[in-house]
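J.: Each chain, letter by letter, is given below.
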Amino acid sequence: MNASPVIEKAPKVGETAPAKSGTAVTFLRAKLQQSLAFGTLIVLVIFFSIASSNFFSWSNISSILLATAVIGILALGTTFVIITGGIDLSIGTGMTLAAVMTGIFLVNMQLPLIVGVLGGLATGALMGFINGVNIAILKLPPFIATLAMMLIAQGLALVISGVRPIYFSGVEGFKNISLGTIIPGLPNAVLILFLLAIVAYLLLSKTLFGRYTFAIGSNEEATRLSGVNTRKWLIVVYTVAGLFTGFAGVVIAARLDSAQPQIGVGYELQAIAAVIIGGTSLLGGRGSIMGTVIGALIMSVLINGLRIMSIQTEWQNVVVGIVILIAVFTDTLRQRRSAT
Amino acid sequence: MKTGKKVAALAAAAAVALSLAGCSNGGGGGTAESSGSGEGDIQIALVSKGFQHQFWQAVKQGAEQRAEELGVSVTFDGPAAETEIDGQLQMLQAAIDKKPDAIGFAALDPEACIPLYDAAESAGIPVVEFDAGCSSEYGQSIAKTDSLGAGALAADHMAELIGGEGEVAIVGHSQINSTGVERRDGFVDQMEAEYPDIEIVDIQYGDGDHLKSADIAKAMIQAHPNLKGIYGTNEGSAIGVVNAVGELGLESGELTVVGFDSGQAQIDAIENGLMAGAITQNPIGIGEEVVQAAYDIINGETPEEVIDTGYFWYDKDNMDDEEIAAVLYK
Chain C
1 MNASPVIEKA PKVGETAPAK SGTAVTFLRA KLQQSLAFGT LIVLVIFFSI
51 ASSNFFSWSN ISSILLATAV IGILALGTTF VIITGGIDLS IGTGMTLAAV
101 MTGIFLVNMQ LPLIVGVLGG LATGALMGFI NGVNIAILKL PPFIATLAMM
151 LIAQGLALVI SGVRPIYFSG VEGFKNISLG TIIPGLPNAV LILFLLAIVA
201 YLLLSKTLFG RYTFAIGSNE EATRLSGVNT RKWLIVVYTV AGLFTGFAGV
251 VIAARLDSAQ PQIGVGYELQ AIAAVIIGGT SLLGGRGSIM GTVIGALIMS
301 VLINGLRIMS IQTEWQNVVV GIVILIAVFT DTLRQRRSAT
Chain W
1001 MKTGKKVAAL AAAAAVALSL AGCSNGGGGG TAESSGSGEG DIQIALVSKG
1051 FQHQFWQAVK QGAEQRAEEL GVSVTFDGPA AETEIDGQLQ MLQAAIDKKP
1101 DAIGFAALDP EACIPLYDAA ESAGIPVVEF DAGCSSEYGQ SIAKTDSLGA
1151 GALAADHMAE LIGGEGEVAI VGHSQINSTG VERRDGFVDQ MEAEYPDIEI
1201 VDIQYGDGDH LKSADIAKAM IQAHPNLKGI YGTNEGSAIG VVNAVGELGL
1251 ESGELTVVGF DSGQAQIDAI ENGLMAGAIT QNPIGIGEEV VQAAYDIING
1301 ETPEEVIDTG YFWYDKDNMD DEEIAAVLYK
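First to last, the protein sequences are chains C and W.
The first sequence lines up with residues 1 to 340 when you count with this note's numbering.
The second sequence lines up with residues 1001 to 1330 when you count with this note's numbering.
These aren't lab readings, by the way, just hints derived from the structure by calculation.
In this text the structure is predicted, and so the values were computed from the model without any measurement.
Where hints are given, some of them may not hold.
[Unchecked claim] Simulated coverage check for chain C against chain W, where a stretch passes if three residues somewhere in it have a Cβ under 8 Å from a Cβ of chain W:
1) 52-64
2) 131-139
3) 158-166
4) 276-289
[What the hints assert, rightly or not] Below 30 Å or equal to it, Euclidean Cα-Cα: the simulated DSS-like pairs (lysine-lysine) are:
5) W:K1099 x W:K1228
6) W:K1098 x C:K175
7) C:K232 x C:K206
8) C:K175 x W:K1330
9) C:K175 x C:K232
10) C:K139 x C:K206
11) W:K1098 x W:K1228
12) W:K1099 x C:K175
13) W:K1316 x W:K1330
All C-beta atoms in this analysis are idealised placements derived from N, C-alpha and C, irrespective of residue type, glycine included.
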């Protein structure tokens, strides 16, 4: 691998992405989009605070943040995938498989804590890597490749666990990964979410990898023709998403102090919804980590607030669905406007 | 020579795979579908609501035990999630196509199964039911828990534990399927009828997902500062509530948690006082009875129309009693 010519070409690739509408407009649009999402979040918090006197308290905010952790971490990883114009449906059950493997390493094999956790992360990364190979080398559509992986991960989680939960009760310190409080009052799972968000932000906006992620999403063919090994970078993108899935697996296992092999289906859609609400385009080439974090917070503030107000579960789903529709609609509206 | 080496390599790989599978199953039941008991000519196909929850694993265990005793073969199928009504019907169709001597069915939806019961009838295959029945007349016997009664028993104990007055809430596992509905209604009706000073302030549904149920319970506790108790209607719901209590750092006893079904986590929670107690069904008994009923019909006998396999309240004090310990599963 000689990296230097690739680096030289990078700025050119960067320019192809926003060329349609001009860099300044893109920049403004991105800011507007984030401030809109952020504004929505603030409005929701104010609304629920007025609607219920029990909403705005530190203990509830801490609950909301903790409830955001798992979906938020999944959403961070999948932001990269969606920016390339792809999709990853395997993150929900993949998370479950990573949790189960962590259980196998720590409980069945009695490996040291750090080894077991790294094993769980590696499980996620490996699934992501296989997704990447299937999509970049075998040219399978991302939807199909990751749908297959979703089923494979679901099946393997059940087979490997023997269709039984694995309890970590004997593993010293495992639960603290999510529920300990290095910062008093703030569960570690939330800290992990924020640290991972910073890492994801740096990866996406400050590295070559990030620039190629955008470039592939804007125009994969042009990116390839300009000399970038798009296949290699696509594999890296899916592997990174898989690694985040692994983190989510460890965090959910630690929070439940058990690996529950039957859950996970549906988590991928919540994560994808958070990414979309955060302004990342399903068409690729556009998105931000900040947006995803805000999107995930909007989802959990909304769900928590509706629960606090004792709104029926059925109606909660309806409201969340409507919010997703509005988010995507305003996004397309903005795009249309800035295109003219 | 070359083939010899290949075979040896394959054998080694197989051995590794087997040992891995062995260790990961922890000696547990594994996932084989047939009980492999004897060469029994009699085939009974069971189509369950699922297989992933330990409850269904226990039903399966009971079915296989009884099949072995009777010298018959059983197969046990079920959809991945209890929302997959269509998938379950396809499994029932496949079971009919295999032409077993009898079918045992636990309906996810009481109406959708009717046409397939007609198909089984015209194929001459008797159908018995377990856990939840189909509205068709053709089902000849059902082995199940009286869920309304079980919900009422949960209400009685909740009322006693909180001193007959105050606010309680329910974290349900389904607002659709019959067990979810009846365990809730049994509880609600009993509270309304017998305990006028107890108010049910909220009922929400977490699909039996531990994480979702924990977040729901935390929101409930937040929204109702005077809440005295929460009833979780299945294992995942109840453990979610226990997790919420743990995460909020409530003193044990500050909030009375009543659960449903067993499993290691609930047994632990009861032992360490986070959960006051729970209702257990007799899943092994359900599995045994449905196979027995099928066997009886095949042999020309008439089993009872409804076989009540029973339910029990268990807590710290009676957990080790023989009768209770026999129906708890880990």
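J.: Run every hint past the structure and note whether it holds.
T.: Comparing the hints with the structure gives:
1. 52-64: Per the Cβ count (7), the hint holds.
2. 131-139: Violated - the stretch 131-139 of chain C has 0 residues with a Cβ nearer than 8 Å to chain W, which falls short of three.
3. 158-166: holds (count 8)
4. 276-289: Our answer is that it is violated, as 0 residues pass the Cβ test (under 8 Å) against chain W, missing three.
5. W:K1099 x W:K1228: Given pair K1099 (chain W), K1228 (chain W) is violated - Cα atoms ~53 Å apart, limit 30 Å.
6. W:K1098 x C:K175: violated, 47 Å
7. C:K232 x C:K206: Holds, at about 19 Å.
8. C:K175 x W:K1330: holds, 21 Å
9. C:K175 x C:K232: Roughly 37 Å separates the two Cα atoms, so the pair is violated.
10. C:K139 x C:K206: holds, 29 Å
11. W:K1098 x W:K1228: Violated, because 52 Å separates the two Cα atoms, which is more than 30 Å.
12. W:K1099 x C:K175: Not OK: K1099 (chain W) and K175 (chain C) at ~50 Å, beyond 30 Å, violated.
13. W:K1316 x W:K1330: holds, 16 Å
Hints 2, 4, 5, 6, 9, 11, 12 from the earlier list are contradicted by this structure; the remaining hints agree with it.
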